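Student: Turn these sequences into a full structure, and let the hints steer you where they fit.
Numbering (this note's numbering), first residue to last: 114 to 458.
The set of hints was computed from the structure by calculation and includes no laboratory data.
Here the structure is a predicted model, which means the values were calculated and not measured.
Even for Gly, the Cβ is constructed at its ideal location relative to N, Cα and C.
It is possible that part of the hints are untrue.
DEER-style ranges, computed between Cβ atoms [to be verified]: (1) Pro264 x Lys384: 19 to 27 Å; (2) Arg157 x Lys215: 36 to 44 Å; (3) Asp227 x Asp369: 26 to 34 Å.
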Amino acid sequence: MTASLEQLRRCHFAVDLGAARTRVYVKGAGLVVDQPSAAAVNTRTGALIAVGEFAEKMTGRTPDYIRVVRPVSGGTVVDIEMAQRMLRHLLGDKMRRGLRRKPILRAAACTPHDADPLAQRAAIETLVGLGARRVELVDTLIAAAVGCGLPVEQPEATMIMVCGAAATQVAVLSLGSIVTAERIPVGGEAVDHAIVQHLRHEHELMLPSQSVRPLQLALSGNGLTAQGPASTEIHGRDVATGLARSVQVDTAAVRDAIQTPLTAVLDGIGKVLRSCPPDLVADLADRGIMMVGGSALLPGLDQMLRQATGMPVHIAERPDVCAVQGLGAMLEGRIAPLALDPLSN
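Tutor: Have a look at this one:
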C-alpha cells in the first residue's frame with residue numbers, strides 16, 4: 114500500500130465495482146454513485162433502458178424483449194462493454210464532462226484478493242473506456258481496512274472480513290500489507306439461495322427474486338440467533354398451483370438452512386488464523402475481527418462468528434461503503450505512509 118500511495122493521490126476518481134452494487138468516489142466531490150450493479154437492455158434494439166436502482170426493480174417483471182443483466186460477477190467484470198455503458202449513465206453527463214477536462218485522467222479501482230490477470234485487465238479496460246489514461250488497482254481488503262479506520266500501517270495485527278455478495282474475503286494485515294488472506298467463494302447470494310431452497314423444499318413456496326433480503330431484514334436484531342422471534346410470515350407462490358400463498362416459517366429452520374454456507378466462511382477464518390504468525394494471533398485475541406461489506410449486516414452473523422471463534426467481532430459503522438471510502442481517503446491524501454528509513458552504518 115505504501116508504494117502506491119503517491120500514485121493514488123494523483124487519481125481523480127475511484128470505482129468499486131461489486132457484484133451487488135457499484136460505487137464511485139470523485140476527488141473533491143465524495144461518494145457520487147451508490148447504485149445496484151444492474152442494467153436493463155432492450156434485446157431487439159440493444160438500447161439501454163435503465164441502470165441502477167430502477168433496473169434492479171425491473172428484475173423478474175419485464176416482458177420477453179427486455180433483459181436485466183449484471184455486468185459484474187464475483188467482483189470481476191464479465192461484460193466490459195455493458196459495465197462501461199452502465200457506469201456512463203450512473204455518473205451522468207455533468208460529472209463525466211468534469212472528469213474529461215482533466216489533462217491526464219487517472220482512476221483507481223478495487224480488485225478482489227488474488228484476482229487473476231484476466232480479472233485485473235477487465236477492471237482496467239472498463240475504466241479506460243470511460244476515458245482514464247491510467248488505472249491503479251488496489252486490493253479490496255486494504256481499501257476496506259482503510260475505509261473502516263483500522264490502523265493498517267502500524268506494526269500490529271488487524272483482521273478484516275469483507276462480506277460480499279458473491280464471495281467472502283478474510284485477511285490479517287500488518288505494516289500496510291496483507292500477511293495472510295483467504296478468499297471464500299461464499300457470500301450473501303449463497304445465503305439467499307440456501308433460504309430460497311429451504312422454502313421450496315420444506316414449504317413448496319417460491320419467493321419473488323427481491324424478497325429474500327426483506328426476509329433477512331424482518332429477522333433483524335437477533336433474528337438469526339436463538340433469542341430472535343420463533344417464526345415469521347412469508348408470502349410467495351405455491352409451487353404446485355401457482356397461486357399466492359402465505360406460510361409461517363420457523364426461524365430455527367432458517368438458521369439450520371444457512372449453516373452450510375456459513376460453515377465454509379468459518380473454515381476460511383480458521384485457515385487464515387492457522388497460517389498467521391503467533392505474535393499476530395495474540396494481537397487479534399484482543400482486537401478481534403472487523404466485518405465490512407453489505408452482507409455483514411446479515412442479522413445475527415456477528416454473534417455466530419463470536420461464538421464460533423471466541424474472538425470479539427465488530428461491524429463497521431457503514432460496512433457497505435468501506436472499500437470505496439478507503440479508496441477516497443487515499444485519493445484525498447488522508448492516509449500517511451509509515452516511513453521505514455534504512456538505518457545508516
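Student: Name the hints, by number, that the structure is in violation of.
Tutor: As far as the earlier hints go, not one is violated by this structure.
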